[in-house]
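Q: Model the full assembly from the supplied sequences, consistent with the hints where possible.
Residue numbers (numbering that gives the first Met the number 0), protein chains in the order written: chain A, 0 to 544; chain B, 0 to 544.
One or more hints might be untrue.
The list treats identical chains as one, so a pair stands whether inside a single copy or across any two.
[Stated by the list, open to error] Here are the computed lysine to any residue pairs in the SDA-like style, where the Cα-Cα straight-line distance is at most 20 Å:
1. K369 <-> R145
2. K369 <-> G307
3. K369 <-> I308
4. K369 <-> L302
5. K369 <-> R158
6. K369 <-> G488
7. K369 <-> G100
8. K369 <-> G379
9. K369 <-> A109
10. K369 <-> R284
11. K369 <-> P20
12. K369 <-> A116
13. K369 <-> L44
14. K369 <-> R385
15. K369 <-> V390
16. K369 <-> D404
To be clear, the hints were calculated from the coordinates, so they are not data collected in a lab.
Number of protein chains: 2
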Amino acid sequence: MGREMRWWGWGAPAHRSTAPPRRALAWLEGALGPLGDGPVGPVGLEEVRLAEPALPAGVRDRLVAAVGAGAVRDDREARVLHAAGKGYPDLVRQRAGDCEGAPDAVVFPAAHPEVRAVLEACAEAGVAVVPFGGGTSVVGGVAPLRGPFDAVVSLDLGRLDALDGLDERSQTAVVQAGVRGPELEQRLASRGFTLGHFPQSFEYVSIGGCVATRSAGQASTGYGRIDELVLGVRCAAPAGDLDLPARPASAAGPELRDLVVGSEGTLGVITSAALRVHPAPAERRYEGFMFPSFAAGAEALRLMEQQGIAPDVARLSDEHETRMSFALAGEGRLKGEIARLYLRRRHVERGCLAIAGWEGSADRVQERRKAGAAVIGACGGVGLGRGPGRVWSSGRFHGPYLRDDLLDRGVMVETVETAAQWSELFTLYRAVGDALREHAPLVLCHISHLYPSGASLYFTFFTRQDRQAPIEQWRRAKAAACDAIVTAGGTITHHHAVGRDHAPWMQAEVGTTGIAALRALKAELDPRGIMNPGKLLPEPGPTPS
Amino acid sequence: MGREMRWWGWGAPAHRSTAPPRRALAWLEGALGPLGDGPVGPVGLEEVRLAEPALPAGVRDRLVAAVGAGAVRDDREARVLHAAGKGYPDLVRQRAGDCEGAPDAVVFPAAHPEVRAVLEACAEAGVAVVPFGGGTSVVGGVAPLRGPFDAVVSLDLGRLDALDGLDERSQTAVVQAGVRGPELEQRLASRGFTLGHFPQSFEYVSIGGCVATRSAGQASTGYGRIDELVLGVRCAAPAGDLDLPARPASAAGPELRDLVVGSEGTLGVITSAALRVHPAPAERRYEGFMFPSFAAGAEALRLMEQQGIAPDVARLSDEHETRMSFALAGEGRLKGEIARLYLRRRHVERGCLAIAGWEGSADRVQERRKAGAAVIGACGGVGLGRGPGRVWSSGRFHGPYLRDDLLDRGVMVETVETAAQWSELFTLYRAVGDALREHAPLVLCHISHLYPSGASLYFTFFTRQDRQAPIEQWRRAKAAACDAIVTAGGTITHHHAVGRDHAPWMQAEVGTTGIAALRALKAELDPRGIMNPGKLLPEPGPTPS
Chain A
0 MGREMRWWGW GAPAHRSTAP PRRALAWLEG ALGPLGDGPV GPVGLEEVRL AEPALPAGVR
60 DRLVAAVGAG AVRDDREARV LHAAGKGYPD LVRQRAGDCE GAPDAVVFPA AHPEVRAVLE
120 ACAEAGVAVV PFGGGTSVVG GVAPLRGPFD AVVSLDLGRL DALDGLDERS QTAVVQAGVR
180 GPELEQRLAS RGFTLGHFPQ SFEYVSIGGC VATRSAGQAS TGYGRIDELV LGVRCAAPAG
240 DLDLPARPAS AAGPELRDLV VGSEGTLGVI TSAALRVHPA PAERRYEGFM FPSFAAGAEA
300 LRLMEQQGIA PDVARLSDEH ETRMSFALAG EGRLKGEIAR LYLRRRHVER GCLAIAGWEG
360 SADRVQERRK AGAAVIGACG GVGLGRGPGR VWSSGRFHGP YLRDDLLDRG VMVETVETAA
420 QWSELFTLYR AVGDALREHA PLVLCHISHL YPSGASLYFT FFTRQDRQAP IEQWRRAKAA
480 ACDAIVTAGG TITHHHAVGR DHAPWMQAEV GTTGIAALRA LKAELDPRGI MNPGKLLPEP
540 GPTPS
Chain B
0 MGREMRWWGW GAPAHRSTAP PRRALAWLEG ALGPLGDGPV GPVGLEEVRL AEPALPAGVR
60 DRLVAAVGAG AVRDDREARV LHAAGKGYPD LVRQRAGDCE GAPDAVVFPA AHPEVRAVLE
120 ACAEAGVAVV PFGGGTSVVG GVAPLRGPFD AVVSLDLGRL DALDGLDERS QTAVVQAGVR
180 GPELEQRLAS RGFTLGHFPQ SFEYVSIGGC VATRSAGQAS TGYGRIDELV LGVRCAAPAG
240 DLDLPARPAS AAGPELRDLV VGSEGTLGVI TSAALRVHPA PAERRYEGFM FPSFAAGAEA
300 LRLMEQQGIA PDVARLSDEH ETRMSFALAG EGRLKGEIAR LYLRRRHVER GCLAIAGWEG
360 SADRVQERRK AGAAVIGACG GVGLGRGPGR VWSSGRFHGP YLRDDLLDRG VMVETVETAA
420 QWSELFTLYR AVGDALREHA PLVLCHISHL YPSGASLYFT FFTRQDRQAP IEQWRRAKAA
480 ACDAIVTAGG TITHHHAVGR DHAPWMQAEV GTTGIAALRA LKAELDPRGI MNPGKLLPEP
540 GPTPS
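A: So, in C-alpha cells, the structure goes:
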C-alpha cells in the first residue's frame, strides 16, 4: 500500500480489480435485475481528456521560487491524479476519461512557510487553491473548481509528513497535515499510543484532511470524533496564520479551533494539528450480536451509550443490510447454517446484526463487555461470538474497492449519512429510506456512531447504472436523500463533510444568518476568495477583483 | 434565596454579613499583618451616585412598545442592580457608592421576539445593549459600558425563564436563557434528571450566562463543561437569528454552535439552549484524601483521568490552600487532631488535601471509587473518609459570601484561573504563584477540572486592601498574574470568561488573525457594534455611524 491511489478508483495503482463472487452477483441481480454485459473498465491514462494548463508563466515562476522546481508539476499524471476525489460522480467522470477540469498545476510545499508563500503568490495573481490531502473526499471536497478565476492549483500536502512532537505526559501529538492514517498509527504504536481514528478511508486519509472535514472513524464512539481529538491547530490563511496551541479547555471567547476544524480548506490550509492520543489498547475484542429488530438493537445502543458503557466500535445494521451481509458472507457456510438454526430457535433469524468492539486493557475490556452484554441481552440481543467481529474487522476498509468492482459491472453504489437525536432517529431513517427507494431498489442502513443524545445513520444504495446519463441519475437520488434529511431534521452530513455535493443544503443546516457568518469569516481570512471555491458555502461566494 | 442579589455584594438582599470567626481572622492577620480598624460596610442605596438616564425619549418609547411599560425600568434600584457584576473592582466601586456608569435603563423582555425587537430598536438608535443573566460575572462581563454610544441598556433576561422541553429519550432539555441554576435543577429533578452544572455561582447563575461564558462547574470533570453540554442554541443577533437545533454531531462545516458559546453577548443574545441532561444520580459520595505533595496528587488525578476513571468532582489543593483549609476548619477539632496524628504516621501531614466525588448509581459509584482509590493509593494518597467531603460540599457555594465579609475587614481577596497541558502545568503553577506573591502575601491554588491532556489551576490570593487606591492595587496584581499566564502558555481563562478584565490578553490567546476573525464575525452579526461593547475583544471595536 502506497500513499497515492490509482487515478480512476480506490487503492494502489497496482491493485487489481476482482470480479465480485458469482454468488454475490447473482444475489445483486436478484435485487436489481440483470446487470447486462461484462465488465466495462476505465479508459487508459493516455486517453484522458485534459485542457492545456492555464497557469500564467509568472505565477508558475513564483510557485517554483516558493517550493522548488521539482515541487511544481503540470504533467498528465499529476494533474489527472488531482483532478477529483473519490465520490461516485468523480469516479464516473474519471473512468470515462473526463478530466477537463484538472488543476493547471499541482504544488507540493514541504513546510508551513512554503504553504504561506504559495497562498500569497496565488492570492496576488488571482489563482484558486484547492488543498489536497489523501484525496479521499467522497463529496467533491478536492475537486479543482476555479470559482471566478481562470486557473487553479491543487496544493498537495503530502510532503508535510512529520510527527512534530509526542507529549506522552499530556497524551498529545503534534502531527503535520500530510501524514497518512497508517503512517501515524505506525509511528504512534512504536511509542505505545494510538490516535484511534479509523474512517473507512483510513488507508489513504491524511490527518489534515480529517481535521478539515470534521471526520469520524469506526471507533469514534470510543475514541471520539476528530473534533474531540483536536486540541490545537495551525492554519495558513491568505490573510495570516491562525496558530492555536494545544489547550485542554478554555473559556476565552468563541472556540476558534472549531472554526478551523470543518473549514474544508475554504478559509486556509491546515498545516498541523495537536491531537489527543490514547495508550494503544492491549486488547481489541470485536463480537457479533443479533437483535430481533433494528429498533431493539438501537435501544440497546442508546442505553449503553447513555449509561456510559458503550463499546468503542458500535455498529448495527438494519434488516436489509443484515440480509445482504448474510447473503454475501463468503466463508463458513456450514457454520453459518448452524448459527442460523440456533438463531431461529431464539426468534432472531430475521433480525439485525450488530458488531460491538471493545478496546483497552484486558481487565477493562472484560468489565465493559460484561456490562454491555447485560444491556444487549435485556434488549433481546443474542451473541454470535467473535466470528462476525473478525469478518467485519478484516473487511472494514474494503467498501471503496468493492464500489470500483461494481462500477465495472454497471452497478451504481453510493452512500449518504446523517445524524439526529434519538427521538427523531427512526423518523429520519424511514424518510431517507423511502426517498432513496424511489431511485434505487436496494437500500441498506446502519447506525455506527453513538452519542448520548443521538446517533448517526449510514445509508448505502444500489441500482443499475444508467449508462447514458449516470451523473444525472446520481444527482436525482442524492438530492432526494438530502431533501429528505433536512426535512426530517437530520444533519446534512455526519462525517463525509459538505464539499461541493452538500453545499446546496448548507443553508437548511445553519440558516441564512449562519451562512452570512461563514461568509464574513471567509471574507476576512481569504479576502480574494481563492481558497477552495465552490465548496462548503452554497454559492460560489468569491468575487474576482 | 431569591433570584436577585444585593446590589453591593453576593447573596440575597436579606443576607446578613457575618464577621469571620476570630480564629480565622487571627490566622489571616498572621499571614497578612494587622487588618486595622473594625468593619467598613457599603454606603446606603440612597447615597449611591448615579448619572441622569441618557436614553432618548423616542428610544424609550420604542422599548416600551417592544416589551411593555412595566418592563422598561430606570429607577434607582434597577439601575444600581445592573450597574456591575460581582468582580472585585465591581464590588469595591459599588460599595463606595460609585455607580456613575449605571445603565440608562433596564429592559426585561419575556420572549425571543421581544429580544429581537429591543435589538432592532437599539441598533437603529445607536444604543449599546448589555445582556444580563444572573449578574454573576467576575470579569466585568455585564458592566454597562457604552463603547462609542451615548446610552446603554441592560437587557435582563430573567423573564425568559421557561423549560421549553425535555426530551427524555434523547436526554436533552431546551432551556430559556434566564432560567437560574437552582430552578433548572429543581425542574429537572422532578423528572429524574440533572444538568450537572454547578459553578460556584450556581445559586444565582443563569443558563444563558453559562452558555455565553463557556463556563465550567464543580462537577464538570464528570458531567462535562457547558460547551460539552450545549447541543443547540438560539441567538438573536442584530443582523438576524442564529437558530441551531439540537444535534448529536455533524460534519457540516465549522461548528457555529461553538461561535455562540463563549460569545459573551458580543455577537447577540442567547435566548435558549438545548442542553444534554443526565439521569439524576442515586448516590453522591464525596471523600477527602491527603497526598504527600501537590505533585503526587496531580499525578493521581492525571492517571485517573487518562484511564477514564476520574471522579466526577476532583479537586486538589496545593500545600498553601491545604494549610488554610485546616487552619480555618471550624468544627471537629478533636477529630482533626486524631486525623493529624494518623496522617503524621503516614508521612502526609504537610501534604495536600483532595476532594473526590463520585455520582451515579450505587454500583457504579462503588466500582469507580474502587478503581480510583487504587490509583490514589499508588500515588501515596491516604483516605480521610467522608468528613472532608461533607465539609466541602456544604460550603461549595460560600466563597463569594466570604469575600464580602473580608472586604468589610479591608482584605482584598481575588481569584485567577487558567488551564494548561499536564506537561506544562507545574511551570504555569510556579509562574503565576511567583507573580502573585509580588502583590499578595497569601496565594492559594487548586486543580479542579481534569482533562486527558491537562487541567485547570485556580488561584486565590489575599492581601490587605490599599484603601486609598484599591482598584489600582487590584489591577497591578491582576495584570501580573495574566502576564505570567500567557507567558507560561496557559489560557487566559479556564471558566471565568474574558469580559472586560481579560480582554487585553485576548490577542496573546488567539493571535492577530484570531482577533481579526472575531471582529469580522462581530461586524457581520452586529454591524453597528451595539452588543456588549468593550468586552471580549481587546479594543472597543465598534464604530459609531
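Q: Up to 20 Å between alpha-carbons, please classify K369 paired with G307: within, between, both or neither.
A: This pair counts as both: shortest intra-copy Cα distance 13 Å, inter-copy 17 Å.
Q: Are the CA atoms of K369 and R385 at most 20 Å apart within a copy, between copies, both, or neither?
A: within (15 Å within a copy, 30 Å between copies)
Q: Taking 20 Å as the upper bound on the Cα-Cα distance, should K369 and R158 be classified as within, between, both, or neither?
A: Close neither inside one copy (45 Å) nor across copies (48 Å); limit 20 Å.
Q: Under a CA distance limit of 20 Å, which applies to K369 and G100: within one copy, between copies, both, or neither?
A: neither (54 Å within a copy, 62 Å between copies)
Q: Have a look at K369 and V390 and pick one of within, between, both or neither, based on CA distance no larger than 20 Å.
A: neither (22 Å within a copy, 37 Å between copies)
Q: At 20 Å max between alpha carbons, let me know whether K369 reaches G379 within a copy, between copies, both or neither.
A: Within one copy only: 15 Å inside, 31 Å across.
Q: As a check of your reading, is K369 near I308 (CA-CA no more than 20 Å) within one copy, between copies, both or neither?
A: This pair counts as both: shortest intra-copy Cα distance 10 Å, inter-copy 17 Å.
Q: If the cutoff is 20 Å on CA atoms, where do K369 and L44 land: within, between, both or neither? Let me know, please.
A: For K369 and L44, neither the intra-copy (54 Å) nor the inter-copy (64 Å) Cα distance is at most 20 Å.
Q: If the cutoff is 20 Å on CA atoms, where do K369 and A116 land: within, between, both or neither? Let me know, please.
A: Answer is neither: 55 Å inside a copy and 56 Å across each miss the 20 Å cutoff.
Q: Between K369 and D404, at a C-alpha cutoff of 20 Å, which is it: within one copy, between copies, both, or neither?
A: Neither. Shortest intra-copy (40 Å) and inter-copy (53 Å) distances fail the 20 Å Cα cut-off.
Q: Between copies, within a copy, both or neither: which fits K369 and G488 at Cα up to 20 Å?
A: neither (35 Å within a copy, 43 Å between copies)
Q: Between K369 and P20, at a C-alpha cutoff of 20 Å, which is it: within one copy, between copies, both, or neither?
A: Intra 38 Å, inter 53 Å, cutoff 20 Å: neither.
Hint compliance for this structure: hints 1, 5, 6, 7, 9, 11, 12, 13, 15 and 16 are not met, and every other hint is.
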